[in-house]
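Trainee: Position chain B relative to chain A; hints supplied.
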Amino acid sequence: MATEILMPALSPTMEEGTLAKWLVKEGGEVKAGQILAEIETDKATMEFEAVDEGIIGKILIAEGTSGVKVNTPIAVLVEEGESADAAPAPAAAPAAAAPVAATPVAAEAPAPVVSNASADWPEGTAMKTMTVREALREAMAEEMRADPSVYLMGEEVGEYQGAYKISQGLLDEFGDKRVIDTPITEHGFTGIAVGSAFGGLKPIVEFMTFNFAMQAIDQIINSAAKTLYMSGGQMGCPIVFRGANGAAARVGAQHSQDYAAWYAQIPGLRVVMPYSAADAKGLLKSAIRDPNPVIFLENEILYGRSFEVPVLDDFTIPFGKARIWREGTDVTLVSFGIGVGHALDAADKLAAEGISAEVIDLRTLRPIDYDTVLASVMKTNRCVTVEEGFPVASIGNHLSAVIMERAFDYLDAPVINCTGKDVPMPYAANLEKLALITSDEVVAAVKKVTYR
Amino acid sequence: MATRKNPETKGAQGANVSKDDLLAYYRDMLLIRRFEEKAGQLYGMGLIGGFCHLYIGQEAVVVGLEAATKEGDKRITSYRDHGHMLACGMDPKGVMAELTGREGGLSKGKGGSMHMFSKEKHFYGGHGIVGAQVPLGAGLAFADKYNGNDNVTFAYFGDGAANQGQVYETFNMAALWKLPVIFVIENNQYAMGTAQKRSTSTPDLYTRGEAFGIPGETVDGMDVLAVKAASEKAVAHCRAGDGPYILEIKTYRYRGHSMSDPAKYRTREEVQKMRDERDAIEHVRELLLSGGHATDDDLKAIDREIKAVVNAAAEFAKESPEPALSELWTDIYA
Numbered sequence: 001m002a003t004e005i006l007m008p009a010l011s012p013t014m015e016e017g018t019l020a021k022w023l024v025k026e027g028g029e030v031k032a033g034q035i036l037a038e039i040e041t042d043k044a045t046m047e048f049e050a051v052d053e054g055i056i057g058k059i060l061i062a063e064g065t066s067g068v069k070v071n072t073p074i075a076v077l078v079e080e081g082e083s084a085d086a087a088p089a090p091a092a093a094p095a096a097a098a099p100v101a102a103t104p105v106a107a108e109a110p111a112p113v114v115s116n117a118s119a120d121w122p123e124g125t126a127m128k129t130m131t132v133r134e135a136l137r138e139a140m141a142e143e144m145r146a147d148p149s150v151y152l153m154g155e156e157v158g159e160y161q162g163a164y165k166i167s168q169g170l171l172d173e174f175g176d177k178r179v180i181d182t183p184i185t186e187h188g189f190t191g192i193a194v195g196s197a198f199g200g201l202k203p204i205v206e207f208m209t210f211n212f213a214m215q216a217i218d219q220i221i222n223s224a225a226k227t228l229y230m231s232g233g234q235m236g237c238p239i240v241f242r243g244a245n246g247a248a249a250r251v252g253a254q255h256s257q258d259y260a261a262w263y264a265q266i267p268g269l270r271v272v273m274p275y276s277a278a279d280a281k282g283l284l285k286s287a288i289r290d291p292n293p294v295i296f297l298e299n300e301i302l303y304g305r306s307f308e309v310p311v312l313d314d315f316t317i318p319f320g321k322a323r324i325w326r327e328g329t330d331v332t333l334v335s336f337g338i339g340v341g342h343a344l345d346a347a348d349k350l351a352a353e354g355i356s357a358e359v360i361d362l363r364t365l366r367p368i369d370y371d372t373v374l375a376s377v378m379k380t381n382r383c384v385t386v387e388e389g390f391p392v393a394s395i396g397n398h399l400s401a402v403i404m405e406r407a408f409d410y411l412d413a414p415v416i417n418c419t420g421k422d423v424p425m426p427y428a429a430n431l432e433k434l435a436l437i438t439s440d441e442v443v444a445a446v447k448k449v450t451y452r
Numbered sequence: 453m454a455t456r457k458n459p460e461t462k463g464a465q466g467a468n469v470s471k472d473d474l475l476a477y478y479r480d481m482l483l484i485r486r487f488e489e490k491a492g493q494l495y496g497m498g499l500i501g502g503f504c505h506l507y508i509g510q511e512a513v514v515v516g517l518e519a520a521t522k523e524g525d526k527r528i529t530s531y532r533d534h535g536h537m538l539a540c541g542m543d544p545k546g547v548m549a550e551l552t553g554r555e556g557g558l559s560k561g562k563g564g565s566m567h568m569f570s571k572e573k574h575f576y577g578g579h580g581i582v583g584a585q586v587p588l589g590a591g592l593a594f595a596d597k598y599n600g601n602d603n604v605t606f607a608y609f610g611d612g613a614a615n616q617g618q619v620y621e622t623f624n625m626a627a628l629w630k631l632p633v634i635f636v637i638e639n640n641q642y643a644m645g646t647a648q649k650r651s652t653s654t655p656d657l658y659t660r661g662e663a664f665g666i667p668g669e670t671v672d673g674m675d676v677l678a679v680k681a682a683s684e685k686a687v688a689h690c691r692a693g694d695g696p697y698i699l700e701i702k703t704y705r706y707r708g709h710s711m712s713d714p715a716k717y718r719t720r721e722e723v724q725k726m727r728d729e730r731d732a733i734e735h736v737r738e739l740l741l742s743g744g745h746a747t748d749d750d751l752k753a754i755d756r757e758i759k760a761v762v763n764a765a766a767e768f769a770k771e772s773p774e775p776a777l778s779e780l781w782t783d784i785y786a
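Those protein sequences? They're chains A and B, same order as listed. With our numbering, the residue at position 449 of the first sequence is 449, and numbering never jumps. With our numbering, the residue at position 205 of the second sequence is 657, and numbering never jumps.
One chain only, chain A, in its complex shape (with noise of 0.2 Å):
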């Protein structure tokens, strides 16, 4: 039967090429694999192969000829004995995709917006003080006593005990299987240790500190973020990235950045950030035990930080839920990880004043708790936000844009997003200080927008 040899798309974006050269002529056969013709396409010029056999009845297109949009017929192959009129009537255009009705983005009726926030555990519960060393610590223990697929890699994990102590006395009690010592090689063990998630594993990579987790970003976010999606639902991967993030002190411009902002942006990653130890046990032990892939953010400067915890035989806290530190009516201090310690220290200072402030911690940057965030700014019409990151493309500018789409006529002052620095972090011990989020800057933003 006679068929014809449409022209071919040649490049991810070619819609027409210019039929360069023939390379047979009318009656001439032709083998599958051999080259019919010179086709320059949109990147390059390109030799176009017969798929099949048989003999070139008639040439449609002559060759010279620009403009020629794919999948117009440029010859007709038949077998032989077979005359060039027994080509089939031209095919309708193959089913080219239906435009893609975008979504509406502001289809719904906005709903009345109803903060999230409420107790972590019920009144009475029995406190002990620990540190978020030891609540990490606590949360990865009970974890691995519960799931024998959860397990610990990371520098120095082991026998170190912990580049920072948080893995302190886990490998006598779980043995090298479970806690398992690394070479300094971020990209490849990453890499392992997602490739093992694959696998049905739960690993917890330790990053001793989330700079060194940029030699491994290519598999935390293009392999173990995406997978999920890429396999259409099938292939997920339950896994654990934690570490100290951000500023510790005096150790440089490389030692010294905060990755909540980059880590946010990534669909497919749960990100969390806790400040207080209570928060740091809660949230990892739901880390690791969440199917997806988790960035968990700690702090060095807060692991030797004491808090109250609750003492409860499995106590977690959801993600996607905003705690209230202080309630408060002037203005909305919403923050995340060591912020939160600038924005209650500002609260204080601001009290002080005769200015009362809400403080509001995010705990997690994946989902983000917004109903908490704009049912507190429909409250107090003023918000501040508070972060040690860079300040372009940061969390609190993704906050103000989602404040102003949502709770735009509540707002009686613009929010002010109180950042780090747009500098590397210096060493010198007064330029870091410089460098870095301080509750004055706060307490200063806080009068701006109340114009006092």
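Keep in mind the hints are simulated off the structure, nothing from the lab. As the structure is a prediction and not an experimental result, all values here were calculated from the model. Beta carbons are placed, not taken as given, at the ideal position from N, Cα and C, and that holds for glycine. It is possible that part of the hints are untrue.
As the list claims (entries may be wrong) - Here are the simulated BS3-like cross-link-like pairs (lysine-lysine), alpha carbons at most 30 Å apart as the crow flies:
#, chain 1, residue 1, chain 2, residue 2
1, B, K630, A, K177
2, A, K25, B, K759
3, B, K770, A, K31
4, A, K58, B, K759
5, A, K69, B, K759
6, A, K177, B, K716
7, B, K545, A, K165
8, B, K545, A, K177
9, A, K31, B, K573
10, A, K448, A, K349
11, B, K571, A, K177
12, B, K649, B, K716
13, B, K716, A, K25
14, B, K573, A, K226
15, B, K545, A, K69
16, A, K69, B, K716
17, B, K752, B, K770
18, A, K31, B, K571
19, A, K31, B, K725
20, A, K21, B, K571
21, B, K545, A, K226
22, B, K725, A, K43
23, B, K725, A, K25
24, B, K571, B, K725
25, B, K685, A, K43
26, A, K321, A, K165
27, A, K69, B, K770
28, B, K545, A, K58
29, A, K31, B, K759
30, A, K226, B, K630
31, A, K226, B, K752
32, A, K226, B, K571
33, A, K21, B, K545
34, B, K770, A, K43
35, B, K573, A, K177
36, A, K43, B, K649
37, B, K716, A, K31
Claimed, not checked - Sample of chain A residues with no beta-carbon within 10 Å of chain B, all distances over it, derived:
#, residue
38, E79
39, L171
40, M208
Mentor: The following block gives chain B in isolation, referenced to the frame of chain A:
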């Protein structure tokens, strides 16, 4: 540990295979070739978009390696992945419909040519970042070792990926932890358009594990029986708990790197010579005919059968609807 230039088994002469095995290899290789030719055709018709990397010419590599596997063994590869999926038994319809970006595709149309997976067949992708699948493959092997079974993982990568740093980070840990992973270097001689001699300081990629104590050997990848023999040896090494193994399989891709490759980096004659003199499918065809294992008519019947499978896959891939618009928002979180 030793890296050896010449494996003991030099293909058909030394290999012990049955007539049925030989026919199965012929069928599997032919399926890949016809499937890929059809994919190229559908690309030309605009039914497949974006990147599409064809496996034509390299068929003996996956078919030979798969011949030594058992249930539970895993495989992971790069973006030139259609052949690997077909060789481990994934449904040609599902693969082709993924290429056309349809609902019936193995990733519901959301992955594309480079990103398909099958838990059932232990196929872990389909990865688009050159070299990333190598530590991932070692991680799959890590999970098997952790779980105490004797499964083996095949981590495939090309001569181009063999220059990625993470490959050597992985070699180190795989050897240190004795992971049951076979590093398969599919050396088709060109990293996209860069010939191996222009990109690689030393030509013998199978020796790249020497610094880590990983044995390696080079294999004629146009001879499915030689590949199978090497695979058996590597698999035995891994199953015995002796750690990783490297197979550098010398192969050749007939088509461009992707569909938009003008192929100016090699001559037409070079490609034609490989096709004429070293074609892996032709090789098995001759073994079948000269050994009296099959007649011309038997092979024509197989050809027809494969053509029907591929045509059915193409029809399915054309007729399956595009994914529902709501699919945009699913499968982001488990």
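Trainee: For each hint, tell me whether it holds in the structure or not.
Mentor: Going down the list of hints, with the structure as the test:
| no. | hint | in the structure |
| --- | --- | --- |
| 1 | B:K630 with A:K177 | holds, 13 Å |
| 2 | A:K25 with B:K759 | holds, 28 Å |
| 3 | B:K770 with A:K31 | holds, 26 Å |
| 4 | A:K58 with B:K759 | holds, 26 Å |
| 5 | A:K69 with B:K759 | holds, 29 Å |
| 6 | A:K177 with B:K716 | violated, 51 Å |
| 7 | B:K545 with A:K165 | violated, 53 Å |
| 8 | B:K545 with A:K177 | violated, 42 Å |
| 9 | A:K31 with B:K573 | violated, 36 Å |
| 10 | A:K448 with A:K349 | holds, 15 Å |
| 11 | B:K571 with A:K177 | holds, 25 Å |
| 12 | B:K649 with B:K716 | holds, 16 Å |
| 13 | B:K716 with A:K25 | holds, 25 Å |
| 14 | B:K573 with A:K226 | holds, 20 Å |
| 15 | B:K545 with A:K69 | holds, 29 Å |
| 16 | A:K69 with B:K716 | holds, 25 Å |
| 17 | B:K752 with B:K770 | holds, 27 Å |
| 18 | A:K31 with B:K571 | violated, 40 Å |
| 19 | A:K31 with B:K725 | holds, 16 Å |
| 20 | A:K21 with B:K571 | violated, 47 Å |
| 21 | B:K545 with A:K226 | holds, 24 Å |
| 22 | B:K725 with A:K43 | holds, 27 Å |
| 23 | B:K725 with A:K25 | holds, 24 Å |
| 24 | B:K571 with B:K725 | violated, 39 Å |
| 25 | B:K685 with A:K43 | violated, 45 Å |
| 26 | A:K321 with A:K165 | holds, 29 Å |
| 27 | A:K69 with B:K770 | holds, 21 Å |
| 28 | B:K545 with A:K58 | violated, 34 Å |
| 29 | A:K31 with B:K759 | holds, 17 Å |
| 30 | A:K226 with B:K630 | holds, 29 Å |
| 31 | A:K226 with B:K752 | violated, 43 Å |
| 32 | A:K226 with B:K571 | holds, 16 Å |
| 33 | A:K21 with B:K545 | violated, 36 Å |
| 34 | B:K770 with A:K43 | holds, 27 Å |
| 35 | B:K573 with A:K177 | holds, 28 Å |
| 36 | A:K43 with B:K649 | holds, 26 Å |
| 37 | B:K716 with A:K31 | holds, 22 Å |
| 38 | E79 | holds, 16 Å |
| 39 | L171 | holds, 16 Å |
| 40 | M208 | holds, 16 Å |
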